[in-house]
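Chemist: Next come the chains, spelled out residue by residue.
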Amino acid sequence: MARNPAVLEVTSVHRKFGGLQALSDVSFAVEQQEVVGLIGPNGAGKSTLFEVISGNIPPSSGAIAFHGDDVTRMAAFRRRRSGLCRTFQKIRLFGALTVAQNVAVAAQQCVVDGNWRDEVASALAKLRLTAQADRYPSEITLPDRKKVEIARAIVGRCRVLMLDECLSGLTRDEADEVVQEILGLNRQGLTIIVVEHVMPVVMAMAQRLVVLQHGCVIADGPPKEVAANPVVIEAYLGARHRPAP
Amino acid sequence: MLQALLSGILVGGVYGLFSMGFSIAFGVMRIVNFAHGELVMIGMFAAFFAYSAAGVDPLVAIPLAFVVVAALSAVLYLLVYRRFVGRATLQQLLAAIAVALILQTSATLIFGPSAHAVRSNWGSQYLLIGPIFLSYAQLAAFAISVACVLTVEAVLRKTSWGKAIRAVADDPEAAQLVGLNSQVINITAFACSGALAGIAGAVLVSYYPVSPHVGFLLMPIALIATVLGGLGSIGGAFVGGIICGVIQQMTSVLWTSALQDVPLYGVLLLLLAFRPYGLFGRVSAH
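Heads up: the sequence lines are chains D and F, in that order. The C-terminal position of the first sequence is numbered 527 in the numbering used here, with every residue numbered one higher than the one before it. The C-terminal position of the second sequence is numbered 435 in the numbering used here, with every residue numbered one higher than the one before it.
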């Protein structure tokens, strides 16, 4: 079967903070409309990798290509405008702006064709946030705040959506609701990379898992295959849990 | 007392205007621009120059002061301040003080060290309402200040640019990651901050003499008004400016004009001790 073209390619990315090697020779690719789970123990480098891919911090070396274009040195705002979008581990909505205004500031920069107001309304409708449009982030529930972050990320030109622990702090029902919204976006054609600690959810959502440990990729494959990988089991549970050969 | 109160409000309106500019630089970029008083001074000299060279009234020269100081501020941001956004406050302060000294010295070299005053016919006239007399120049300055403040507030609340500025002020990193070019926003915000200083300078010179050192006298007022109004609260800085004006005038009447700034510093110390987020700031403000 022919493989879809890669929309995002991370090649040999290294990132050092002083003496700490946060990312070491990280390489992987994400295909069109794929849902990729980026997992690993705490401190594995997942969030750093998100920061590097989104352009918030530069890599020490290596390359990032988006739809075939080298974006390694491209400013973060240009990456967002070209369709490489993300949410944050800790919600970072603009508290002085309403829900609609939060989405609108992104839409005004990122909508290339059409009316940005229509795009805002469409993004809010997709995430079922229309009724909350005129409220401030402090006036809505946590799941709705998470959905506003997603709406702000997908409005306008969004081709790859990176979700950084978007289910943290949610109850199971709330998480299920947000997951359904995310999978709905994927069905509409969006490519999604998700960092998540809730493993059953990642296993159910992702078509492929990339596992990081100590800044290195230790496994990359379908969820079932990765879950049975002894190196991954050891990374998560320690050597004594390694299955007998 | 009523006379002092009204005079304080009128004078305070102009303080509020340039304090708003100071507050924008702080609120958006977290820059404590200690050269803001010097930007007001440049605005005063721009209007004075128009008056002395072509007989143009300072209020008519507002667009000139606006453009000159906004352009100078944009250049200063690109050359100096952008390197200090997000850096430690001490580094910013030292850089801003250096800029202030350079602007002061340049003004001394160009205009000389002495004070210059505009002597327009209407500027020295007063409106008499019973026992109260109010300077036409101060009334005009106050009206212009209020108009500018309302305009700035409307721009920040209603326009795309204003919302982008508020987003960058809230979280510059997140703003970049939703597609906003923080650098462009910062340049325009800093130019806007300077433009308000320029307008304040032009209206101030209609009743207050300008010298290269006048910025040194105005800077503490901007700082106190901003802290008083609430760090990060742009509208609050205007109210803070009015309160500063009233305190000054009341002190002049009830005590002595020579010490009119002393209670201001007392208010600053009390605020920093008991309500560091000011009257209108949020507890989470920086």
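Simulated from the structure, these hints should not be mistaken for laboratory data. Backbone N, C-alpha and C fix where the C-beta goes; we use that ideal spot for every residue, glycine too. Fair warning: there could be bad hints in the mix.
Unchecked claim - Below, simulated SDA-like cross-link-like pairs (lysine to any residue); rule was C-alpha separation at most 20 Å, straight line:
| id | chain 1 | residue 1 | chain 2 | residue 2 |
| --- | --- | --- | --- | --- |
| 1 | D | Lys372 | D | Gln315 |
| 2 | D | Lys408 | D | Gln315 |
| 3 | F | Lys307 | D | Gln315 |
| 4 | D | Lys372 | F | Glu322 |
| 5 | F | Lys307 | D | Lys408 |
| 6 | F | Lys307 | D | Arg417 |
| 7 | F | Lys307 | D | Pro323 |
| 8 | F | Lys307 | D | Gly377 |
Said to hold, decoys possible - Not close to chain D: a few residues of chain F, all C-beta gaps over 10 Å, as computed:
| id | residue |
| --- | --- |
| 9 | Gly261 |
| 10 | Ile336 |
| 11 | Gln409 |
| 12 | Val411 |
| 13 | Leu420 |
Chemist: All hints, please: hold or fail.
Modeler: Verification of the supplied hints:
Only pairs whose Cα atoms come within 20 Å are accepted, and Lys372 (chain D) paired with Gln315 (chain D) is rejected, the gap being roughly 26 Å. For the hint linking Lys408 (chain D) to Gln315 (chain D), the alpha-carbon distance of about 18 Å falls within 20 Å, and the restraint holds. Restraint check for Lys307 (chain F) and Gln315 (chain D): the C-alpha separation of about 37 Å exceeds 20 Å, so the hint is violated. Simply put, Lys372 (chain D) and Glu322 (chain F) have alpha-carbon atoms about 13 Å apart, close enough for the 20 Å limit, and the pair holds.
Distance check on the hinted pair: Lys307 (chain F) and Lys408 (chain D) sit about 25 Å apart at the alpha-carbon level, beyond 20 Å; violated. A distance of roughly 16 Å separates the Cα atoms of Lys307 (chain F) and Arg417 (chain D); the hinted pair therefore holds under the 20 Å criterion. Restraint check for Lys307 (chain F) and Pro323 (chain D): not satisfied, since their Cα atoms lie roughly 45 Å apart, outside the 20 Å limit. The straight-line distance between the Cα atoms of Lys307 (chain F) and Gly377 (chain D) is roughly 16 Å, inside the 20 Å bound, and the hint therefore holds.
For Gly261 (chain F), the non-interface assignment is confirmed: its Cβ lies about 45 Å from the closest Cβ of chain D, beyond the 10 Å cut-off. No Cβ of chain D comes within 10 Å of the Cβ of Ile336 (chain F); the nearest lies about 14 Å off, and the non-interface call holds. The beta carbon of Gln409 (chain F) is kept farther than 10 Å from every beta carbon of chain D, the shortest such distance being approximately 35 Å. With a least CB separation of 36 Å from chain D, Val411 (chain F) remains clear of the 10 Å interface cut-off, as annotated.
With a least beta-carbon separation of about 22 Å from chain D, Leu420 (chain F) lies farther than 10 Å from that chain, consistent with its non-interface assignment.
Of the numbered hints listed earlier, those contradicted by the structure are 1, 3, 5, 7.
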